[in-house]
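Novice: Given next are the chains, with one letter for each unit.
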Amino acid sequence: MADDELFKALGDPTRRLILDELVEKSGQTLFEICSRLSMKHRLGISRQGVSQHLAVLEAAGLVESRREGRYKFHDLNTAPLRRITERWPAPGGSEAKENTP
Amino acid sequence: MRIRLTSVFVDDQAKALRFYTEILGFAVKHDVPMGGEHRWLTVTSADEPDGTELLLEPAGHPAVKPYRDALVQDGIPLAQFAVDDVHAEYERLRALGVRFTQEPLEMGPVTTAVLDDTCGNLIQIATLPG
Chain A
1 MADDELFKAL GDPTRRLILD ELVEKSGQTL FEICSRLSMK HRLGISRQGV
51 SQHLAVLEAA GLVESRREGR YKFHDLNTAP LRRITERWPA PGGSEAKENT
101 P
Chain B
102 MRIRLTSVFV DDQAKALRFY TEILGFAVKH DVPMGGEHRW LTVTSADEPD
152 GTELLLEPAG HPAVKPYRDA LVQDGIPLAQ FAVDDVHAEY ERLRALGVRF
202 TQEPLEMGPV TTAVLDDTCG NLIQIATLPG
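Chains as they are written, first to last, in the numbering used here: chain A, 1 to 101; chain B, 102 to 231.
Treat the hints as calculated values from the structure; they're not laboratory data. Treat the hints with care, as some may be off.
To be verified - Computed list of lysine-lysine pairs in BS3-like fashion (alpha-carbon distance at most 30 Å, straight line):
no.: 1; chain 1: B; residue 1: Lys116; chain 2: A; residue 2: Lys72
no.: 2; chain 1: B; residue 1: Lys166; chain 2: A; residue 2: Lys72
no.: 3; chain 1: B; residue 1: Lys130; chain 2: B; residue 2: Lys116
no.: 4; chain 1: B; residue 1: Lys166; chain 2: B; residue 2: Lys130
no.: 5; chain 1: A; residue 1: Lys25; chain 2: A; residue 2: Lys8
no.: 6; chain 1: A; residue 1: Lys8; chain 2: A; residue 2: Lys40
Bound-form chain B, shown alone (with noise of 0.2 Å):
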């Protein structure tokens, strides 16, 4: 069993787009309308383009908010990317204007990071041991 794709539900796929490529450096590897305003859109790592996807999904069913909301407000994270350095990349995304709800954190040997993607999702950042 491997992870080949994995999701999180953005308020909107065109801005959700604009935020993961351009801000946070990702690469589009699928973008196929789905009829009506959807897309079947997924993006993986600029340098790993055969690497797992993140599908960008809508997210419009009705559980979705409240469960994101309750999450957001406790600055719980939905999602995990790994970075070389915490430090430098908060810097970089903090002067691209991104929001953090938690800044660098050194724990032991991780560090981590948690900013707001702009699509309704608090994301962490990591630099792991290894």
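Here chain A stands alone, though its shape is the one from the complex (with noise of 0.2 Å):
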């Protein structure tokens, strides 16, 4: 259920814009992410849309809103994305990787 959850977060373009922005920089408001959207992708999509997205990502686990005194902030958690290389291990292993310099 956890992994229904997670690829469908995955699964909307205008989501995995999202979690590019926030790899960019962790902890926006829901403004900047706003922002980011429309002035950087050109994106026409409202406050209230985002906002879904965002719930649908909080499910899921990649993102986790924090309340830091009058403001809140959305930091990305990319723990959950582990579960999908753990299920299908890259070619090669992941720590003949780790161990390139």
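Quick one: dock chain against chain with the hints and give me the complex.
Specialist: Quick look at the structure:
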């Protein structure tokens, strides 16, 4: 069931874009995420739409939100992605890659 | 039609005056007692004393708090000020202890950052092309 949520979350280009932006900088407000999508990527998406995408990403554990005083920030958490590479390991294995300088 | 004056609600006018003049660098235009504790308090850009005035308006109305709390939670600024160089201004203000909810971000030709004015609002600073 957790896998379904993970793959559902990844199965949308806007949500993948949100993850891309959070890789660039973790800890963004909803306003910053909306700004990046509209200004950098020219996506015509409402704030409510972005909120809904964030809720799906949060349900999958890929995004975590955190209150800090009066602000709310969204952080990236790539830990759930490990389930994919553990289930279908990359050729050559991950250990060989990690040992390469 | 022209925009001569716009306003932001502030929790405390004396504190707002300090932040908007000493930290942000605006100049006082009008500071008139209004009877009671409130003042007609406006500032302008130090470079443009006859430019658009910003009214630092008491945030006494009960609708102000839920409105601003919801916007601040989502990181939405209530006003935007133009600066020559967002990165330089970010460094200058950070050194003065100003809290930013968005670091300088280049989005095509526009660079923006978002700061907390300590009086209840988020403010966007922006460098626009041209």
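Novice: State for each hint whether it applies.
Specialist: Evaluated hints:
Note on lysine 116(B) and lysine 72(A): the hinted pairing holds, with a Cα-Cα distance of about 25 Å set against a maximum of 30 Å. Annotation: proposed proximity of lysine 166(B) to lysine 72(A) holds, straight-line Cα distance about 17 Å (limit 30 Å). In summary, the hint linking lysine 130(B) to lysine 116(B) is supported, as the alpha carbons are separated by about 16 Å, within the 30 Å threshold. Only pairs whose Cα atoms come within 30 Å are accepted, and lysine 166(B) paired with lysine 130(B) is accepted, the gap being roughly 27 Å.
With a C-alpha separation of about 23 Å, the suggested pairing of lysine 25(A) with lysine 8(A) holds against the 30 Å cut-off. For the suggested pair lysine 8(A) and lysine 40(A), the alpha carbons sit about 25 Å apart, so the restraint of at most 30 Å is met.
Against the hints set out earlier in the document, no violation occurs for any number.
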